[in-house]
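Asks: Could you build the full structure based on these sequences and the hints that come with them?
Using full-length UniProt numbering, read the sequence shown as starting at 1 and increasing by one per residue.
Honestly, the hints are just simulated from the structure, not real lab data. Worth double-checking, as some hints may not be accurate.
Straight-line C-alpha distance at most 27 Å; calculated DSS-like pairs for lysine-lysine [stated by the list, open to error]:
{"id": "1", "residue 1": "K99", "residue 2": "K86"}
{"id": "2", "residue 1": "K102", "residue 2": "K50"}
{"id": "3", "residue 1": "K108", "residue 2": "K69"}
{"id": "4", "residue 1": "K86", "residue 2": "K69"}
{"id": "5", "residue 1": "K108", "residue 2": "K50"}
{"id": "6", "residue 1": "K86", "residue 2": "K102"}
{"id": "7", "residue 1": "K99", "residue 2": "K69"}
{"id": "8", "residue 1": "K111", "residue 2": "K50"}
{"id": "9", "residue 1": "K99", "residue 2": "K111"}
{"id": "10", "residue 1": "K50", "residue 2": "K86"}
{"id": "11", "residue 1": "K86", "residue 2": "K111"}
{"id": "12", "residue 1": "K86", "residue 2": "K108"}
{"id": "13", "residue 1": "K102", "residue 2": "K69"}
{"id": "14", "residue 1": "K50", "residue 2": "K69"}
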Amino acid sequence: MNLVQLNPSDADLVEWANSHLPAALQNYDLTGHLFSGFALLRLSESVLGKSPSPPVPDSAFPSGPDDDKLDGLFRLFDFLLDNDVKMGSVSINDVRRGKHDKILQLLKALKAWEDRRMDILRSIGAGTIQAGPFMTPDINTWKR
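Replies: Structure follows, in structure tokens:
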């Protein structure tokens with residue numbers, strides 16, 4: 001495998017992703033495979049503040065390079081598309097193969113989605129009419 005050197009902004013993006021993931025799914029080896037499809041689903045759930053319906057079982061994702069399970073990856077992409085995450089040219093095969101540039105593109109898309117949501121929540125709270133707790137959820141409830 002080629003060693004990939006991440007620039008500082010990409011390293012910050014991986015750190016951001018890690019902040020949304022449970023310890024078992026966090027990645028601190030930036031030269032190898034960044035995040036699995038399973039980790040990306042859990043990251044998406046944290047950022048979007050909800051889970052796919054019906055839930056995606058852990059067993060729906062490949063357990064190794066020779067495992068051809070794709071149902072979890074299809075469900076991940078459906079979930080992202082249903083929630084208007086702008087993924088660009090990232091494909092299921094890109095995630096399956098662990099392509100650094102495509103995984104980073106997906107992380108950027110999720111971060112942009114979260115940033116847009118935070119901007120909307122701030123704008124609601126910044127107007128002349130204050131939104132009550134029934135209108136805007138506590139921002140920290142989206143993190144696990």
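Asks: Hint by hint, say whether it matches the structure.
Replies: Going through the hints against the structure:
1. Using a Cα cut-off of 27 Å, the hinted pair K99 and K86 holds, with the two alpha carbons roughly 18 Å apart.
2. The straight-line distance between the Cα atoms of K102 and K50 is roughly 23 Å, inside the 27 Å bound, and the hint therefore holds.
3. Of the supplied pair hints, the one linking K108 and K69 holds, its CA atoms being roughly 26 Å apart against a limit of 27 Å.
4. As the CA atoms of K86 and K69 are separated by approximately 25 Å, the hinted pair is consistent with the 27 Å bound.
5. Taken as a hint, the K108 and K50 pair is honoured in the structure, with Cα atoms around 19 Å apart against an allowance of 27 Å.
6. For the hint linking K86 to K102, the alpha-carbon distance of about 13 Å falls within 27 Å, and the restraint holds.
7. Only pairs whose Cα atoms come within 27 Å are accepted, and K99 paired with K69 is accepted, the gap being roughly 18 Å.
8. In summary, the hint linking K111 to K50 is supported, as the alpha carbons are separated by about 16 Å, within the 27 Å threshold.
9. In summary, the hint linking K99 to K111 is supported, as the alpha carbons are separated by about 18 Å, within the 27 Å threshold.
10. For the hint pairing K50 with K86, the CA-to-CA distance comes to about 17 Å; that is within 27 Å, so the pair holds.
11. Taken as a hint, the K86 and K111 pair is honoured in the structure, with Cα atoms around 10 Å apart against an allowance of 27 Å.
12. Straight-line distance between C-alpha atoms of K86 and K108 comes to about 9 Å, which keeps the hinted pair within the 27 Å bound.
13. For the given pair, K102 sits about 20 Å from K69 by alpha-carbon distance, which is consistent with the 27 Å threshold.
14. Of the supplied pair hints, the one linking K50 and K69 holds, its CA atoms being roughly 23 Å apart against a limit of 27 Å.
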